Amino acid sequence: MKYSYYPGCTLRTKAKDLDAYARASAKALDIELIEIPDWQCCGGVYPLGSDEIATKLSSVRALNAAKEKGQSLVTMCSACHHVIKRVNDDMKNVEDIRTRANNYLELDKPYAGETEVLHFLEVLRDRVGFDELKKRVVNPLTGRKVGAYYGCLLLRPSKLLSFDDPENPRIIEDFIRALGAEPVIYPYRNECCGGYISLKEKDMSKNMCEKIMESAEGFGAEMLITACPLCLYNLNKSAGVKLPVVYFTELLAEALGVKEEAKKEVQAS
Amino acid sequence: MPLENKEFKPKIVAFCCNWCSYAGADLAGSSRLTYPADVKIIRVPCSCRVNPMFILRAFEKGADGVIMCGCHPGDCHYSTGNYYARRRMTLLFSMLDYIGVENGRTRVEWVSAAEGVKFSETMNSFVEKIYSLGENVRLGDLRCKS
Amino acid sequence: MQELINRAKELLADGTVARVLGWKAGDLPYNPEPAYFESPEELKDFVYNGFCGANLSKYMIEASRLEGKTMVCLKPCDTYSFNQLIKEHRVDREKAYIVGVGCKGKLDIERIRKQGIKGIESIKGAEITDDADTLTIQTIYGEKTCAYADAMLERCHVCKGKEHMIFDEQIGESKETKDAERFAEVERIEAMSPEEKFAYFQSELSKCIRCNACRNACPACSCRKCVFDSNKFDSSQKANVDSFEEKMFHIIRAFHVAGRCTDCGECSRVCPQGIPLHLFNRKFIKDIDELYGEYQAGADTDSTAPLTDYTFEDAEPSIVGKRG
Amino acid sequence: MQRIGVFVCHCGSNIAATVDVSKVAEMALMEPGVVHAEDYQYMCSEAGQAKIAAAIQEKGLTGIVVCSCSPRMHEATFRKAAERAGLNPYMVEIANIREHCSWIHKDMEEATKKAVILMRAAVAKVNLNTPLQAGESRVTKRALVIGGGIAGIQTALDIADAGYEVDIVEKTPSIGGRMSQLDKTFPTLDCSACILTPKMVEAAAHDKIKIYTYSEVEKVSGFVGDFTVDIRKKARSVDMNKCTGCGVCQEKCPSKKAPSEFNRGLNTRSAIYTPFAQAIPNVPVIDREACIKFKTGKCGICSKVCQAGAIDYEQKDEIVTEKYGAIVVATGFDTIKLDRYDEYAYSQSKDVITSLELERVMNAAGPTHGHLERLSDGKAPKEIVFIQCVGSRCADDRGKPYCSKICCMYTAKHAMLIRDKYPDVNVTVFYIDVRTPGKNFDEFYRRAVEQYGVNYIKGQVGKVIPQPDGKLLVQGSDLLDNRQILKEADMVVLATAIEPNPDVRKIATMLTASIDTNNFLTEAHAKLRPVESPTAGIFLSGVCQGPKDIPETVAQAGAAAVKAIGLLAKDKLLTNPCTAQADILLCNGCSTCENVCPYGAITYEDKEVNDHGIRETRRVAVVNNALCQGCGACTVACPSGAMDLQGFSNRQILAEVDAICR
Amino acid sequence: MNSEKKQAEMIKEISGVNPLKCMKCGKCSATCPSYNEMDIKPHQFVSYVINEDIESLVNSKSLWKCLSCFACVERCPRDVKPGKLIDAARQVVVRQKGQDYLLADEIPELLDPELPQQLLVSAFRRYRR
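Chains as they are written, first to last, in our numbering: chain A, 1 to 269; chain B, 1 to 146; chain C, 1 to 324; chain D, 1 to 662; chain E, 1 to 129.
Just so you know, these hints were derived from the structure itself, not from any lab. What you are looking at is a predicted structure, and each value in this text was computed from that prediction instead of being measured. Among the hints, a few may not be true.
To be verified - Mimicking DMTMM-like on lysine to aspartate or glutamate, the simulated pairs with C-alpha atoms at most 25 Å apart in a straight line are:
no., chain 1, residue 1, chain 2, residue 2
1, D, 323, D, 165
2, E, 21, D, 516
3, C, 95, C, 45
4, C, 207, C, 196
5, E, 61, D, 478
6, B, 129, C, 195
7, A, 200, E, 106
8, B, 9, D, 26
9, C, 9, C, 38
10, A, 211, E, 37
11, A, 159, E, 79
12, A, 145, A, 250
13, A, 202, E, 39
14, C, 322, A, 96
15, E, 21, D, 433
16, C, 322, A, 95
17, E, 65, A, 214
18, B, 129, C, 196
19, C, 114, C, 204
20, A, 202, E, 112
21, D, 607, C, 92
22, B, 118, C, 314
23, C, 162, C, 33
24, C, 225, D, 606
25, A, 237, E, 112
26, C, 162, C, 302
27, D, 257, D, 239
28, D, 471, A, 217
29, D, 113, B, 135
30, E, 6, A, 96
31, D, 421, D, 450
32, A, 211, D, 342
33, C, 24, C, 173
34, A, 206, E, 105
35, A, 202, E, 37
Full structure from sequences and hints, please.
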C-alpha cells in the first residue's frame, strides 16, 4: 500500500512525535507513506471566503502532487485533513474556484479534485481494516481505558468530510478496541477544545477543556488520544482535571511494538 | 434573465403529461410562480405519447426549443410510459444534436404534480438557455442548401 | 456459383421449393438484380458475384405470401435482416429455404469509378470463387486494375462477420472483411461544432431527390404503407414544397428503424445521389450500444428491442449534453 | 369544416386583469372554422354555461373552445354543458389561459399574445376533433382497504354499513395499528384501547367485512370498478380455524428474546406471539426468525402444548386473488429513525426515548406496567425534559421538511398526564412554536401550562449530554430570556417526526397512485378532492395522505368511505373514450405496440381486410377499449402510424404544434 | 446600494447562507460552546444580516469568540448555518486595512514553549488579512 503523505507544519516542529509514531507504525503495517516534495503549510483553517484563492493553493499543490503519482493523499493532523479535504471538494465541485486556482497554478494538466484525501485513521479502518490491525498488534494494550477525543475538525461539516457520524462517531473507539484497550465513550468527545481561541482567550479554552476532561474522567477514561496537535496543546492546559493526552499514533506504535525506536528518532532530531 | 438580443423572442414548445407535469404547471400557476411567456404548453396524456415527429415538426416550423415533462421515473400514471419516453427522447435529442441542433434546445424534465416550484424553475432555466443559444437553425432548411 | 445453381435445380426438382430467389445478370457487368427463378431453364440467367450486394431478405415478405417455399440466397449480413423480419412477424420462416451464401465483401461500382476508371466494359476478379484480391477491369481506354478491398462497399469495411445467423444450408466460403472502425465517421461528425454539423448534413441532404430508393431497399422500412404516404401525420404531400415530409424524411426514417436497423447498409448502397444515409442509423446504433448495452438487431429473433425496453436506471436524456 | 365557438372567461379578474379577454375573442374570429366568439365574467357559472348552450343551438356549433382555467379544473363542467346543449362532449377543448398564462405573467400585452396563441392551438385541435362515445365498464361491488389501523377500520366499517362487501389487508398479525399502541388520546384523555377495541371487534364481527391479517397486497391490475388484486397471506404457522386463542403456546414458548414490535422494542416477546392482549384475530403467529423449531429443527413445544392442534409448521404463504371496484389506502405512519440525531443521545442513553415509546411506558400493558420509570435503572424520574420538532421542519436531509402536526398536542398530553399522576415530577418542554389549531386544542395546551404547571421554554435543544451518574444534561436555548440553559434531567422524551409507512411507495407503484417527495400519497385536488387519489378508484384514508391526528383521521376515513360507496353504488362506469385505435389497413402486424402496452390491451388477430379491393387475411393489432387507458405508448412505437389515440391524435397534436410555432 | 446593504450582500455571498431560511428555533444558540462569551448570540446573527445591521455585527465581541467549531452548522435544521455567517462577517472586517484583531506586537507575550505552529497559523488566518 503506497500513499502520498502530507505531514503538515506542526508535525515537523512541535508534534514530531505524532509524525514519527505514524511513520514507524505505517512501516510495521507495510504501508508506505511517501512524503510529497516541497509541501507547504495548509494554513490551519479552511479559508471560507468563496473569493479566496491564494490561501487554497498550497492544498491544491499537495493534492496535485498526489494526483501525478496516482496515489491517495494521507494526512495525519486533523486540521490539515480538514483544510485539504475541503479544498479538494471545492476543486471538484466549485467551478469558479477550480478555474481560478488552475489559472493561477498553470499545471500541466488542470486539477479537478481527482485525488482522494484520507486521514490515517481512515487508512487504518478502510484499507488495513481494524480486524487486520488487531492481528498485527504485538503489545495489546489490555486493561487501558482510553477516551477518544475527536474535536471538531475531523467530523464537521460531516457531509463534506464524510468521516464518521458527527454526533456519535466510532472510528477512534474501534481503533482503540483493535489495539486491545477499552474505549471510553463520553459525550464531550466531539465538543470543541477552543481551537485557535486559546491564543488570545486562554481562559475560554481552559474552561472548555476542563469540561471535556471532567466528562472523560467521569466515564472512567484514564487517558485521552487525539489526532490534532492544537487539541493536544489545549487539553494539556485544561483548568481542572488533567488526564494524560497523547497522539493516537503513539498508542498505535506502542501496540505494534515500534514505540521505542520511534521515540529515539524524535529525541535525536 | 439576460436579454442580449431584445428582438429575439423564442418559440418554445413544452409537452406536458396530463397527470404530473401538466398538474405541476397548474400548481406553478396557482402559486403565481412566473416563467417567461415564450413557453407554450401542449397537454398529452403521457410523456410516452410524444412522438419524435411532433418535436421535429416544431423545429421544422421554427421552434427554438422543445421541452418535454413527465412524471418522475417510477411514478408514471401509466406505470411505464415515461421509461419508453426517456429512451426515445434520449435517442432523438442525441440525433438532433448530431445534425446541429444544440443539445441545450431540447430537454426532458420530470416534474410531479406537487412540484410547481420545480416546474417554474425548469422553465426559467430552459428559457434562459434558449436565449443564450439564440435563434435556432431552421431545421426546415435541412434539405434546402442554397 | 455453379454449386448454387446445381443445388437450386435439385431443390426445384424435388419440390422442396417452388422458386428460387437470387440474382440475375443485368445489362452491365456490374449491375446484377434480384430475381425469382421458377424452373431449371430460368436458372441459366442466375448470377452470384461481388456485385450482388442487394439484400434479398425484404423480398421474402412478398414471397411469404406465395404458395410453397422459396429458396432464398442470403449473405451473412442479410441473415440479420431476415431474423429481424421474423421477429416482427413479417416473414414466414416456414416459407423460406435459406441458403447461406459465401461472401468475401461486396463491390461498389462508384468506388471503382472514383479511382478514375471509366468506360468499363468488363470486370474480372469479381466472381465469388475467385481468390484473387485484384480486380482486372477492361475499359475502352485499356485494361486497369484495382485492389478488391479498395472497391468494396463501405459496409463491408465494417463487416459484421462471416457467420450466417440463420440458414438451412450453407454454400461457399465467407471472409470477414472488416478493416475499419464502424463508428469512426459518426465520431468525426459528433466532434464537429453545431454549425459544422448542420452544414454537413444540409450539404448531404440537399442532394436528396426523394426517389425513395433507400426506403424501397431497406428491409426495416417494410411498412405496408409508409407514414409518408398516409395522412396520419399530415405528411403525405408529394410535391417538393415546404412540407413536413421533405425536410424530416431521413431523420424520421432513421428513428422509425432505430433499434430495428441491422446496419445492412442498403440505404447508402442504393442512393443514386451517394448520400451516406447509414450515418443516421449508425448514430442510433452507437447511442443504443453506449446507453443501453450492445445490441445487434437481427442477431436473434426473440430479444427485446431497445426501444420497447427500459430499466429504472436508464440514462436521462440530459446525458446527451454531458457526453461532450 | 367545423363551426367553432370560442368562449373567453374573465374568471373575475383572475384572467381579465392580465389578459385582454375581448382581444382574445376578437382574434378568435379570425381563426379558420371559428364562427362565434365571446367573453364573459365567469364561463363556469350557470349564466356562462347558458351562453355556451345558446351559442351551440343558435349558431349550430360543432365544436367549442373555452379559454379559461386549467382543464383539470373545469373540462368536465364544460363538457357536460356542451352535452346538455346537444354537442358531443369530446368536441370541447380548453385553452388554459389562467394557470398557464394570466397567473404567471404580469405584462398585459405579453400575456394577451400568449393567450391568443393558446386559443389558436385549441382551435386548431378542435378543427380535427371527432365526436367520441364513452364506453361502459362494470363495477365490482366490493372494496379493498389496505391497512388495518383506525383509518382502515373506520373506512371499512362505513363501507360495510352501507351494505357493501369490504376486505381489510393488514400487514401485521393484528388490526389496530398505531392507535392500539397509544395510552391516552387528546384532547379528552380517553383511554385509547377503550375507544379503539370496540371498533376492532365490530369490524371483526361485521358480516360484510373480511379481514386478512399478516397479509400484504402483492399485485394490482385492472382499473376503476374492476381491480384484480393478489393478496399474500403470509404463513402464520397457526391454523386460524383451529386456534382457540388460549395463549398457552405463548406462555410455554422457550424463545422469549425477540424484541416486541408492539412495545417498540422496549421489551421482548416469545417467538409465537400475538402482538397484544386485545389482538384481532386472537390467533398467534410464529416468528420464524426467532423460533427455535425453525432455526434448529428441535423444540416443537408449542405444538405439544396446543390442545387444539392448531400449530402447523408446514404452512406456506398463500396467494388469494380477489376483484374489487374501489381501493382505499390507509397505510399509516411510523416515526422516523433517529440514527442521524445523535446529538440527542438517543442511541447512547436508554433514558432518551421517543414519544411513542413513552406511550408504551405509560401504558399498563407496556414494558413497565404503566409505571413511569427510567428504562436504564428503573428509578422514578424527577425531572423530565420533552424536546419538540425532532426531525420535523428540517430543511436538511436528516429530517422531514413538514410539520408532523400531532407532536405539540401529544407532548402537552404527556406533560399533563405525568404532572397529574406524579405531581412531584418536574416537566419541561423545549418548543419552537406550539401549534394547536383544533377544537379545544389550545385550551388543552393552556391547561398543561396553567393548571398543571408544565414549564414551556421557547428554544431548541442543542445537545443532550449523558452524565457519569446517569443523569442527562440538556443544553438548550431559552430564546425569550436570551440565555443558554443547562438542565439536568432524568429522562428526555423526543417528539419524533412521523413519516408515511415505508411500504407505501411499493403500494403506490402497484396502484399507479402518485406520491409526493415525502412519500405521502397525492390527493386529486389539495382542497376540493382531498380523499381521492388522481388515479380513479383509489381513495386515501389517514396519515398516508398527510400528518393528521385521530379525529381528523376518522373524519377522513369516513370521507374516503363515502367516495368509495359512491363508486360502488354505480352499476356501470363510463370509460374514457380517448383510447388507442389501430388502422388495420396500415398495420404491419409487427407486435411492437403490443410490447410496450402496460395494460395488455393490445392483441393480434388474423383478420380479413379489404385493402382497396384486395381482400386478404392479415395479422393485425386489436385494442381492447375496456383495458386501454389511453397513454399512447403504442402510438409512438408504431412505425407506420397505424396506431393513433382518440382525442390526442397525431394530427391534432401536430396542429397544436403548428399553431404555436406559426 | 448603501455600504451596509453591500456588506450584508457580501456576507450572504461569502457564506453561501440564505438567512431567510431560519425558523428561529435557537438550536445554534443551544449548541454554541462560546454562547456565554458572546454579546450577539448565534441565533441573532441571522436577523442582523436580514436587517442589514452589519455595523453592530462587525463591532460585536461575538466575532472573535466564535471558534469555527461548526457545531451550529452541523446541527442547524434549516440549513442556515450561523457559524458561516459569523465567519463571513469576520472576513468583512479583516479585509479592511488596519482591522486586524491580532497585532504583530502582541504575539510574543502570547507564546509559550509548547505552543504548536498550527495555533499561530490558524489564528493568523482567522484574525488577520
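Violating hint indices (sorted, rising): Checked against the structure, no hint fails, so every one of them is satisfied.
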